[in-house]
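Given the coordinates of chain S, work out where chain V should sit on it, guided by the hints.
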Amino acid sequence: MPGTTAPAALAAGTLFGLALLAVALVTGWRPARLRAMSVALGLGAGLGLVVLPGLAHGLPAPGLGVHPQPFLLWAGVTVLVGTAEEVVLRGALFDATRDLAGLPVAVTVTSVLFALLHVPLYGWHVVPLDLAVGLVLAGLRLIDRGVAAPAIAHVVADLATWWS
Amino acid sequence: MADRRVGIALLAAGLILVAAAQHLAPLPTPPLYDGVVIAEPYRFLVPAAGQAGDPGSASGTEQLENGQSPLTAIATTEQPPQAQIFAISGTLILPPGTTSIKLSIEPILPAVLPTDGHIAGNVYRISVTNQAGVPLTALVSDNVSVVLRGPDEAASGATIERYADGAWQPLKSDDAGLGVSFIAVVTGFGDFAVVVAGPGGPYPTASPEPGASGLATPSGAASPTAAPTAPPISTPSPSPTPTGSGPFDGGVPTPLLALAGIALVIGGLGGAWWLRRRRAAPARRPPQRRSKRR
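Here the protein sequences line up with chains S and V, keeping their order. Going by this note's numbering, the first sequence opens with residue 1, and the numbers climb by one from there. Going by this note's numbering, the second sequence opens with residue 1, and the numbers climb by one from there.
If you're looking for bench data, these hints aren't it; they were derived computationally from the structure. A hint or two may mislead.
Stated by the list, open to error - From the structure, some residues in chain S lie toward chain V, with a derived Cβ separation under 7 Å:
no. : residue
1   : 44
2   : 48
3   : 52
4   : 101
5   : 129
6   : 135
7   : 136
8   : 139
9   : 142
10  : 143
11  : 146
To be verified - Distance ranges between label pairs, derived from CB positions:
no. : chain 1 : residue 1 : chain 2 : residue 2 : range
12  : V       : 165       : S       : 116       : 38 to 46 Å
13  : S       : 25        : V       : 5         : 40 to 48 Å
14  : S       : 113       : V       : 102       : 39 to 47 Å
15  : V       : 116       : S       : 40        : 49 to 57 Å
16  : S       : 32        : V       : 169       : 28 to 36 Å
17  : V       : 206       : S       : 105       : 53 to 61 Å
18  : V       : 116       : S       : 44        : 29 to 37 Å
19  : V       : 9         : S       : 71        : 34 to 42 Å
For glycine and all other residues, C-beta sits at the position ideal for the given N, C-alpha and C.
Just chain S, same shape as in the assembly (with noise of 0.2 Å):
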């Protein structure tokens, strides 16, 4: 969530954020206890999707703009922003979409809008990448039958980038 101050944009962050878990909500997702293997499971993927791409080409993130401090309040925007993505696609959105039409379907159609989400704030051409990360989310949505797996990961990947 772009914005030229810093309370514009952590407010921005939130209001997303939280509307989306009201999405999720309507639809009758609720949260699950959280188990030590989930958490394991997303740390480790997550720190795959962070160290991954650098091992394979190199090339470091560039300041993607001012952080708004503190980093604490910055943290806890980005934990609800990532956790209610994967709460509303990987939750709500791909048991709807499995029941109606199936696990590819479910797959595909939960990748795809996550990456249609991100082309806004970065291009087109963050498509592939992107894709290919939504498998990974996906993926973690099946072993853990559960979105904690996978927030974590998204989380983890999102922190990573305050000290890029």
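Same frame as chain S, now just chain V:
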């Protein structure tokens, strides 16, 4: 169990594709970034009233690694940076006798203006040479990239152009997203600018006489009355191509994003409500017919 197997396959395939995507078409931006970012207003070398000035520059020296160019990334100091270079290890072609690489990025006034549009923002002189000042080059297949950020007027589309052999030449440019940025693969360095199609207002150019600069009107520029925001041409204070510096400068317009977000939420809520109703609707039995007795 079947889900887990499919999940593992997807996870593995996805990670391989992530590596492949980043190897074949590397991005200077991370794949995921959904947090909060602030794009500071664009900084002009010659700002008009209401515009930010004092754009940043960058410089550095890189030592060779195993006789090859190292991973190279340098950016100006704005957030997001207004000019950046990216080159992975071994992709810069080193002239004989190279022992180190000198890099610099600085905003400059152009000597000549493009004829296929007008410059949006600053012109940046990007220099990549060896210790003796010999310019380095790269193969197009190695994806050495220049990323330039433009001011708000470039949000509708622009091209990175490079000044070479006495003329501005457009490069194949892609939208790099955040902060109205564009990326182009380069095989050499020099002066680069974001160029928007169509005429623009007066733009300051470098004068051959030291200490003076002049205003040049881009080729094909409309009359001043066609650009109501263009300040009158006057010396000795040249003005850059006028651009807005309102609340949308430096990023996707916030109201547009807000509308898109609201539409997404409404669509999501509507779809979710419809799905719930569909799941909750009981299976309907056909009505039982009573036989008529006569």
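These are the hints, each one checked on the structure:
With 7 Å as the threshold, the beta carbon of residue 44 (chain S) stays out of range of chain V, its nearest partner Cβ sitting at about 10 Å, so the hint is violated. Taking 7 Å as the C-beta contact cut-off toward chain V, the hint placing residue 48 (chain S) at the interface holds, the least distance being around 6 Å. Given hint, residue 52 (chain S) at the interface with chain V, holds; its Cβ is 5 Å from that chain's nearest Cβ, closer than 7 Å. Interface hint at residue 101 (chain S): violated, since its Cβ lies 12 Å from the closest Cβ of chain V, which is beyond the 7 Å cut-off.
Given hint, residue 129 (chain S) at the interface with chain V, holds; its Cβ is 4 Å from that chain's nearest Cβ, closer than 7 Å. Evaluation of the residue 135 (chain S) hint against chain V yields a held restraint, the C-beta minimum of about 3 Å falling below 7 Å. At a threshold of 7 Å, the smallest CB-CB gap from residue 136 (chain S) to chain V is about 3 Å, leaving the interface hint in force. Annotation: residue 139 (chain S) was flagged as interfacial toward chain V, and the flag holds, the nearest CB pair being 3 Å apart, inside 7 Å.
Hint status for residue 142 (chain S) relative to chain V: holds, with the closest Cβ pair at about 3 Å, below 7 Å. The closest approach between the C-beta of residue 143 (chain S) and any C-beta of chain V is roughly 4 Å, which is under the 7 Å cut-off, so the hint is satisfied. For residue 146 (chain S), the interface hint is violated, since its Cβ never comes within 7 Å of a Cβ in chain V; the closest pair sits about 11 Å apart. Distance hint for residue 165 (chain V) and residue 116 (chain S): a CB-CB separation of about 40 Å, consistent with the stated range 38 to 46 Å.
Separation of residue 25 (chain S) from residue 5 (chain V) is about 31 Å and departs from the stated range, judged on CB atoms against 40 to 48 Å. At about 45 Å, the beta-carbon gap between residue 113 (chain S) and residue 102 (chain V) stays in the expected band of 39 to 47 Å. Between residue 116 (chain V) and residue 40 (chain S) the beta carbons are some 55 Å apart, a value that agrees with the proposed interval 49 to 57 Å. Between residue 32 (chain S) and residue 169 (chain V) the CB atoms are about 57 Å apart, so this pair departs from the stated range of 28 to 36 Å.
Against the hinted window of 53 to 61 Å, the Cβ-Cβ separation of residue 206 (chain V) and residue 105 (chain S) comes to about 58 Å, which satisfies the hint. The supplied range of 29 to 37 Å is broken by residue 116 (chain V) and residue 44 (chain S), whose beta-carbon atoms lie about 50 Å from each other. Range check, residue 9 (chain V) to residue 71 (chain S): Cβ separation about 37 Å, and the 34 to 42 Å hint holds.
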